[in-house]
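Peer 1: The primary structure of each chain is shown beneath.
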Amino acid sequence: MAETALAAQATASGLGPEDARNAAREVRAQRVRAFLFVLPLLAFIFFAFVAPIASMLFRSAYNPTAAELVPTTLEAIESWDGEGRPDEAVLTQFAIDLKRLANDRTSGQLAEEINRFLPGTSSVVKSTARALRRAEDETLATGGAALLLDANEAWGEPGIWRALTQAGQVYSASYYLTALDLEMSREGTIQQRDTQIYLKLYGKTLWMALIITLLTLILGYPLAFHMAHSSTSRANFLMVFVLLPFWTSLLVRTTSWIALLQTNGVVNSTLMALGLTRDPLEMLYTQFSTIIAMTHILLPFMVLPLYSVMRGIDPSYMRAAMSMGSRPIPAFLRIYLPMSLPGLSAGALLVFIISVGYYITPALVGGTDGQMISNIIAFHMQQSNNWELAAALGSLLLFLIIALYWLYDRFVGAGNIKLG
Amino acid sequence: MKYHLLAMAGALALGAQGAAAQDLTVTSFGGAYGAAQQEHMIDPYVAETGVNILFEDYGGGVAEMKAQSESGNIQWDVVDIEVIDLERACSEGYVAAIDHSMLPPGDDGTPAAEDFIPEALHECGVGNIVWSIIFAHANDAYADGGPQTIADFFDTEAFPGKRGLRKRPQVNLEWALMADGVAPEDVYEVLATEEGQQRAFDKLGTIKDDIVWYDSWSQAPVLLNDGGAQMVQSANGRIFAAIKDEGAPFTMVWDSHVYDLDVWAVMEGTEKMDQALDFIKFATQTVPLSGMQDVAYGPTRKSAQALLPEDVKQDLPTAHLDAGLKADGIFWADFGESLGEKFNEWLLQ
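In order, the protein sequences belong to chains E and R.
The opening residue of the first sequence carries number -12 in my numbering; numbering runs sequentially from there.
The opening residue of the second sequence carries number 155 in my numbering; numbering runs sequentially from there.
Take the hints with a grain of salt, since some may be wrong.
Claimed, not checked - FRET-style restraints, in silico, Cβ to Cβ: (1) R:N206 <-> E:E55: 54 to 60 Å; (2) E:V254 <-> R:T360: 28 to 34 Å; (3) E:I177 <-> R:G226: 36 to 42 Å; (4) E:Y49 <-> R:E273: 50 to 56 Å; (5) E:R15 <-> R:G226: 40 to 46 Å; (6) E:A35 <-> R:D177: 29 to 35 Å.
Just so you know, these hints were derived from the structure itself, not from any lab.
It should be emphasised that the depicted structure is a prediction, and the values quoted were computed from it without experimental measurement.
From the three backbone atoms N, C-alpha and C, an ideal C-beta is built for every residue, glycine too.
Just chain E, same shape as in the assembly (with noise of 0.2 Å):
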C-alpha cells in the first residue's frame, strides 16, 4: 500500500520507475529493521506474560491427570448410573489399572484428584494400591473387584466412585464453581459449598484496595501538589524523599513496619511514654497494619503521575479563574482538579490495580483479619498443591480486573488516564 503510494508520488515528482523501487526497497528494510528491534521485546512479552496467563487460563479448565492415569476405568464406568456399587467389571479393571499405578508409583496423584472431590479417600487409593501391588494379574483379572473390596470397604459405596468419575472430567467448569463458593450437586444443580470463603475474600480484597486507593491519594495528592508547585530544586529535593523508599527493597520497607508496629515498638512505646495508653495497642498483624503498610508502599505510584500531569498543568489558568473573581476553592474544584485528573485517574487505577494482587505485604503483617485473596492462592500453590483451583481463582481476579477497568472506561474513559 505504502510501497504503491510512495511509487506514485516517485513518478509524480519525475522520478523513474528504478528510484521508486529503490524507494520502495528501503522503507521496507526500515521497517524490518525497527521490527527486529521490538522483537526481543515481543518475545519476551510472549514468555513472560502471555504464555503464563494463557497456560493459567486453560489448567483452570483443563485437568487431564486422572483421566490419563485409568482411561479404561473411566471407559468402563461411563453406564454405571450412580447408585449403589458399580458393575464387578469396573472394579476388576480399576484393581488392575491401580496395581499398575502403584508400580509406576503415579497412584498418589490419581488418590490426590479423588482426594478433591471426597476429602479422606487418599489414604484410601494409596493403601489400596500399596495391597494391590504384589497380586498376581491372572488372580486381578477374575477376583479384582473382590480384592479391591477386601483392601477397603469403601470401594463398596458409590460416594468413591463418584469421586472418580468427577475427577475424571478432562474439561471441568467444578473449579471455577468451588473458586465461587458453589458446587455441582448430584441432580446437576448448583448449590452453596458448605465452606464460604472465596466470595467473601474476593470482596474484603477489593475493599482493602479501595481503602488504601483513597488512603495514598488523600495522601499523595497535596504532595504531588505541592512539588509541581514549588521550585525545581525543591521538588527534585522531596521527589529524593517520595523515590528513596521507592527503591528500598519491599521486605526491607515492609519488615520495618513490623518493627515500628509490633507490640513493644517504636510506635507503642511513644504512646505508652507520653500516657496515651497503658496498654500497648494491638497493631500488628490486624488489618489495620496490612492497609498502612500498603499505602506506604504504593504512595509513589500515586504521587508519580500525579506530579508529572500537574507539573504540565499551566498556573496561568488558575490565575485567570482567580482574577476573574472566583473564590481559591471553587477555581481548584472546576479549573485545576478536572485538568489534574488523568493524573489522578493513572495514579488511582496502578494503586488499585496492584493492590488487589498483592501478596508479600498481607503475608507478612496481615494477621487473620489482614489477608486477601493473593494469600489463598498461594495457600493452594503451595500447601495444598490444588493448582488447579489456584489457577481458577487467579482467573477471577484477572477477570474481575478487567471487567473493573471496562467499568472505568465505560465512565471516566481510559483515554483519559495520563502518566506524565
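Please build the complex by placing chain R on the supplied structure of chain E, with the hints as guidance.
Peer 2: Same frame as chain E, now just chain R:
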C-alpha cells in the same frame, strides 16, 4: 532497562553455569538446622569424597518438587523432607524409593534395620532427625511456674495473655482436641469426622481473641521475646537455641507435643542417583546424626542417641516421646486441603 536485562540474563547464564559445575545439589531448611547439617554432614562428606555440594534452602512442602517433576527439569538431587509431606512426595513419584539394605550398620555394630527407630525407615526416605512442636512461655509472664499442660494453654482465665500459633490447621486442631479431653491415640480418628472437626474448631474458638498468628517458625521466639505473646507454639529447636545461645528466659512445655521426623530423600529423575544415595548413606551414619543435638533435634539412630551426654538428652524430643503425639502424615494428606479451607473460613468468621 535494556542493559539491566542484559546484565540479568548474563547473571542467569553464569548462575546456570555455576550450578552445572556442582556435583550434587542438597536442599534443606537452612537456619541453625542447616548450619548443623553443614558442619556434621556436608563438610565431612566433601572432605572425604571431594564431591562438590551446592547446599540450598527451601521452605518445605512439595510444590517445588512438583514443579521440577512436571517441567522435567530436576534441579535438586537430595532433599530434606518433613514426613508430613513425604507421604505425598513419595506416592506421587517426586522422590525415589530407597533400598534400606544399603545403609551401613551403626558404629556399635547394630544392623541399620534395628539401629534406626522404626518410623525413620520410610519407603522413600531415611530418617534424619526427630523434631517436635511444643509450646513455650515467657518466665516473667506467670508467677508460680506457669502453664504445665495443653489444657492450660487453652485456659485463658488461669493463664491470661496472648498465644502465638502458626497460621495453619496442622497441630492447632490436634492440640484443641487434646485440650478438650481427647486421648492422643484417638485424635486423628476424631478429627476425621465432621463432628470432631467442629469440636476442634469450637475449642480453638474459645481462645480465638487471644491468638496471635504467625507464618514461619522464626517468628515464634521473636514474639515471645518482644512481648507480642506470652505463650507460643514453636519447633523445639528454635526455643532451645534462644534459651541456650541468648539466655532467653523461656520455659518449654513438653505436654502433648506433636513430633515428626525429617528424612533425607532423593529426587526421582536425578542424573546423580548413585552419588545422591552415597551422600545419604554417609549423612545418616551414627556420628553425623549425633551432631543434630546442636539444634536440639533427636537423632534417628539409637547408636547416635547413645553418644549424647545425659543433660543434652533431656532437651531432645526423643526423651519425651511418651508425652507426645506423632504427627500423622497420612491423615494430613487426606484432610490437609479440606481442613485448610475450613480453617481459612473459620479465620474469616
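Peer 1: Evaluate each hint against the coordinates.
Peer 2: The hints, checked one at a time:
{"no.": "1", "hint": "R:N206 <-> E:E55: 54 to 60 Å", "result": "violated, 38 Å"}
{"no.": "2", "hint": "E:V254 <-> R:T360: 28 to 34 Å", "result": "holds, 30 Å"}
{"no.": "3", "hint": "E:I177 <-> R:G226: 36 to 42 Å", "result": "holds, 38 Å"}
{"no.": "4", "hint": "E:Y49 <-> R:E273: 50 to 56 Å", "result": "violated, 39 Å"}
{"no.": "5", "hint": "E:R15 <-> R:G226: 40 to 46 Å", "result": "holds, 42 Å"}
{"no.": "6", "hint": "E:A35 <-> R:D177: 29 to 35 Å", "result": "holds, 32 Å"}
The structure fails hints 1, 4 (numbered hints given earlier, in ascending order).
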